[in-house]
Amino acid sequence: MSEPTVSSPLRKTALNAVHRAAKSKMVDFGGWDMPVDCCGLVAEHIAVRTGVGVFDVSHMGDIQFRGPGSLAAVQKLCMNDASKLAVGQAQYSAMLYPNGTFVDDVVVHKLSENDYLIVINAGTREKDVQWVRQVIGGMPGVHMNDFSDYYTQLAIQGPRAAETLQKLTSTDLSAIKNYWFTWGQVCGLHNVMIARTGYTGEDGFEIYIPSDEPTSARVWGEVLAAGAEFGILACGLGARNTLRLEAGMALYGHEISDTINVFEAGLGRYAKLDKGDFVGRDALMEIQAAGGPKRKLVGLEMIERGIGRDGYPVFSLDGKRLGEITSGSPGPFLKKNIAMAYVPVEFGVLDTEVAVEIRGQRVKALVVALPFYKRARKST
Amino acid sequence: MAYPATYRYTKEHEWIQVDGSTGNVGITDYAQDSLGDIVFVDLPKVGDAVEAGKTFGSVESVKAVSDLFSPVSGKVTAVNESLKDKPETINTDANTTWLLKITLADAKQVDGLLTAAEYEKFLSEETGH
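Going line by line, the protein sequences match chains A and B.
At position 242 of the first sequence (counting the first as 1) the number is 242 in our numbering, and the numbers step up by one without a gap.
At position 75 of the second sequence (counting the first as 1) the number is 75 in our numbering, and the numbers step up by one without a gap.
For reference, chain A alone in the conformation it holds in the complex:
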């Protein structure tokens, strides 16, 4: 086990001292000193699937677009159709390069008419901001602000997340639908953005509070206290990764990157080719016209003993190299060893047997449907 070498000082969220005081294990994640393991990855993962967990996701970036040209800017930058958003609604989307590969995946929030917030990944923050400036530079009527450092972002996730957060706010959380948001008072703070979003495959909320240390620590503590009766656990990036993997969600640098296009990643349903021009659209139309992608993202379930991990090569049973695993791990809730991988489309058929090379040995895996895990939705 080698320690990572650090060339520049790690960035810290406002909760860094709280994580360290709680003896969470910290790692360098995209230049950020973040907790990977707070209470034990498996326990945290199970808490989110069956109860509630809270994550510090303040390392995520927040870019705001304001002005009469803001919608046009978002439409140019992002592949989903932001014109369909109502005020208070959010959508999964992505910024693309002209060749149809990913700058980043994002969540676009419509704050009001002529006011949009896009939440971006931590590891790509600088690149994203630079890209945004490059694309919208010269577009009229839009002012862009990088508010990334202004917010502490907490994700409260799990079937008991609503009950937990409801104790801390007078806002009726049951009125917020999935991928909608509102503003309300939380822990005595006014005008807190409360979004029913997340990255775990569970119901849950993300709240955006001021990023000063005392406020961040106080709210973190109050969330933990409110969730105590539901067995809430502070969760790290380790559980965040296994939860999103079970839920079949992409992670930048793994399932999506600047060498993978939208159709390969299986995210074509979020690319609205008929909404008008956006960066990457022409390339996507060409790929579509040429009969679609040659490779696709598939789910793999190990059927022989072994754990396929990130970067492990995948072979056909007769020995042809097909591609590699983008994310692989035991699924703590599913209790199966699962992975996502890119393979040629003809090998992406459900129930196809393939082999994952694990330290020199070929171990059989089965192509299965994504997501691996889907929560039961309440029939209300």
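To be clear, the hints were calculated from the coordinates, so they are not data collected in a lab.
Note that this is a predicted model, so its numbers are computed, not measured.
Virtual Cβ for every residue (Gly too), placed ideally from N, Cα, C.
Accuracy of the hints is not assured; some may be wrong.
As the list claims (entries may be wrong) - Residues from chain B shown here face chain A by an in silico Cβ test under 7 Å; the list is partial:
| # | residue |
| --- | --- |
| 1 | G36 |
| 2 | F40 |
| 3 | E60 |
| 4 | V62 |
| 5 | E120 |
| 6 | L123 |
Please build the complex by placing chain B on the supplied structure of chain A, with the hints as guidance.
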């Protein structure tokens, strides 16, 4: 957790408990704590040879895989089969959960390993713990 004074240690975080010409091999409490929830252990077979400083298997947690390095050379006489179903035992008690029993090829190799005090000093230097 204390590191038993009667064991010897490697810088790769294995321990060996030697009794005459045989020894039990496991991983240290530091190793299990660093790995987190252990879900998979890959071990050699009875009768296999192991070589000092060379890998003899691997241990995997949910988030990482780590090679196992043999403290000494010798031959495997027993493998802890219970770890196939209950690898998490290592997290519960790394000090007594042995992975392999081996007969030592050369008992003098043990002298080259770290004592508990040396291992703890190594840990504090390596990790700042």
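Hints, one by one, checked against the model:
1. G36: Constraint on G36(B) satisfied, holds at 5 Å.
2. F40: The hint holds - F40(B) has a Cβ within 7 Å of chain A, the shortest such distance being about 6 Å.
3. E60: Holds. Min distance 6 Å.
4. V62: holds (5 Å)
5. E120: This interface hint is violated because 17 Å lies over the 7 Å limit.
6. L123: Violated. Min distance 12 Å.
Consistency note: the structure conflicts with the earlier hints numbered 5, 6.
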